[in-house]
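For chain A, the structure is supplied; the task is to place chain B on it using the hints.
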Amino acid sequence: MQSKELHIEINEVSGTQNAVIINFSGELCSLCISKISDTFDKIDFNFTSNKFVIAEMSEVTMISSAALGEFMGGRKRLIEKGGELVFAGLNIELRTKLNLMGANKVFRFYNDQRSAISAYKWEYEKHPEHLHLSFPPYLKLVPPIRSLVSRVARQKGYGNRDAFRIETIIDEVCNNAIEHGLEGQNNKIDMKVTIDPGKIEFVVTSISDPEKMYALRALLKPEEDATKWRTDDKRGRGLDLIKMLSNELSVECNEAGTSVHVKKLREE
Amino acid sequence: MDIVFPYKIAMSFPGDMEYIPAIRKFVSEVLQVSNFSSKFAYRSEIIVDEISNNAVNYGCKEECACIDLECLIHEDRIEFTIKDQGGTKENLDKLHNAVNCTTENEVSKKALGIEIVRMLSESMDIKIDKENLTSIHIVRKREDSST
Chain A
585 MQSKELHIEI NEVSGTQNAV IINFSGELCS LCISKISDTF DKIDFNFTSN
635 KFVIAEMSEV TMISSAALGE FMGGRKRLIE KGGELVFAGL NIELRTKLNL
685 MGANKVFRFY NDQRSAISAY KWEYEKHPEH LHLSFPPYLK LVPPIRSLVS
735 RVARQKGYGN RDAFRIETII DEVCNNAIEH GLEGQNNKID MKVTIDPGKI
785 EFVVTSISDP EKMYALRALL KPEEDATKWR TDDKRGRGLD LIKMLSNELS
835 VECNEAGTSV HVKKLREE
Chain B
40 MDIVFPYKIA MSFPGDMEYI PAIRKFVSEV LQVSNFSSKF AYRSEIIVDE
90 ISNNAVNYGC KEECACIDLE CLIHEDRIEF TIKDQGGTKE NLDKLHNAVN
140 CTTENEVSKK ALGIEIVRML SESMDIKIDK ENLTSIHIVR KREDSST
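As they're listed, the protein sequences go chains A and B. Residue 852, in this note's numbering, is where the first sequence stops; the numbers in between run on with no holes. Residue 186, in this note's numbering, is where the second sequence stops; the numbers in between run on with no holes.
There may be inaccurate statements among the hints.
Stated by the list, open to error - If you want the footprint, here are the derived chain B segments under chain A, 3+ residues with CB under 8 Å: (1) 47-53; (2) 65-72; (3) 94-102.
FYI, nobody ran anything at the bench for these hints, they're computed from the structure. Positions of the beta carbon are idealized from the N, C-alpha and C atoms, including for glycine.
The following block holds chain A by itself, in its conformation from the complex:
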């Protein structure tokens, strides 16, 4: 049986600094390992900086163990220069076979090119991602919201300690927004989360209750003398806790609403 001829095409990814896509199509049999090796030579020769190479495999029908070995060699060369080689678009059959061979312990697999480019932008270009949530001011909704942000942080590679601290900050900020905001389902609380590999930022905006503004301003007023705090003082501890757990806290408070901005750097 004649094997499908292998075609290889190298393209730079527009809008990125160092990402390159190698489009493979056909069968990656043991006879074509020299072609794969030449491709990595070309990348070595043409691109001097560290390259994030995406092997686009959606048109590939077979990968031999020899070809896989060649990819491992190519990845090693890229890693020595601070780059990476990942696979995108593998069909289920090939992906299962590569998993059985243990290749998933060496290579990262992405469903498609877009996911691989997003991962590159996140990891290498530190592109931030945004999550936006709008919800009515009900205290019962705070636990699911804090868990949502914590889960996202963990999924994006943040450690358990960071995730727990993020959860605590969200809890405090949302509770304050509900406590000092106007009641009623139409007075939505708006939360914008911006996350990148180094930090997470939240902006929580609520419509303030005019009757509670005085109490809120009193809480926000910086204490001139720290010794004035009494042990039985039960107000304003949430904000102190946020300050302790975060790297930056600012509150903008006017008649229209209150906006709390918190920045937390990744620690682990």
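Same frame as chain A, but now just chain B:
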């Protein structure tokens, strides 16, 4: 303040698979704090998973694409509206066929996700505008709505 029905939660998240487990869990937890049963919450979680996966896989062309999910929670039902930027014409046709097919024989292997959503929901409608922006509206009723 206790929850007053109906209320709406709107969210927008990147068109990336990594966000889906957190989003589906969030919807499930919101339903549970809104006094829906854990069975109802779990089945709704499956709906969110399926429609979000479809939106990410077929409705996001650009790297910075995002998905909008709205949950309108009533005492006796939940309504989901998911919007994405729309995929290729081929994918949109497949989606349209999958949503509109009525008999079991018409269901192709690729449209099983939509079939699961149809099974778990009361109604499902799709809207595709001139710019291919796709919006799916799903209604799921509480199974024990008499209580």
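Consistency of the hints with the structure:
Counting residues of the stretch 47-53 of chain B whose C-beta sits closer than 8 Å to any C-beta of chain A gives 7, which meets the bar of three, so the coverage hint holds. Look at the stretch 65-72 of chain B against chain A: 4 of its residues bring a Cβ nearer than 8 Å to a Cβ of that chain, three or more, so the hint holds. Counting residues of the stretch 94-102 of chain B whose beta carbon lies closer than 8 Å to any beta carbon of chain A gives 5, which reaches the threshold of three, so the coverage claim holds.
In summary, this structure violates none of the numbered hints.
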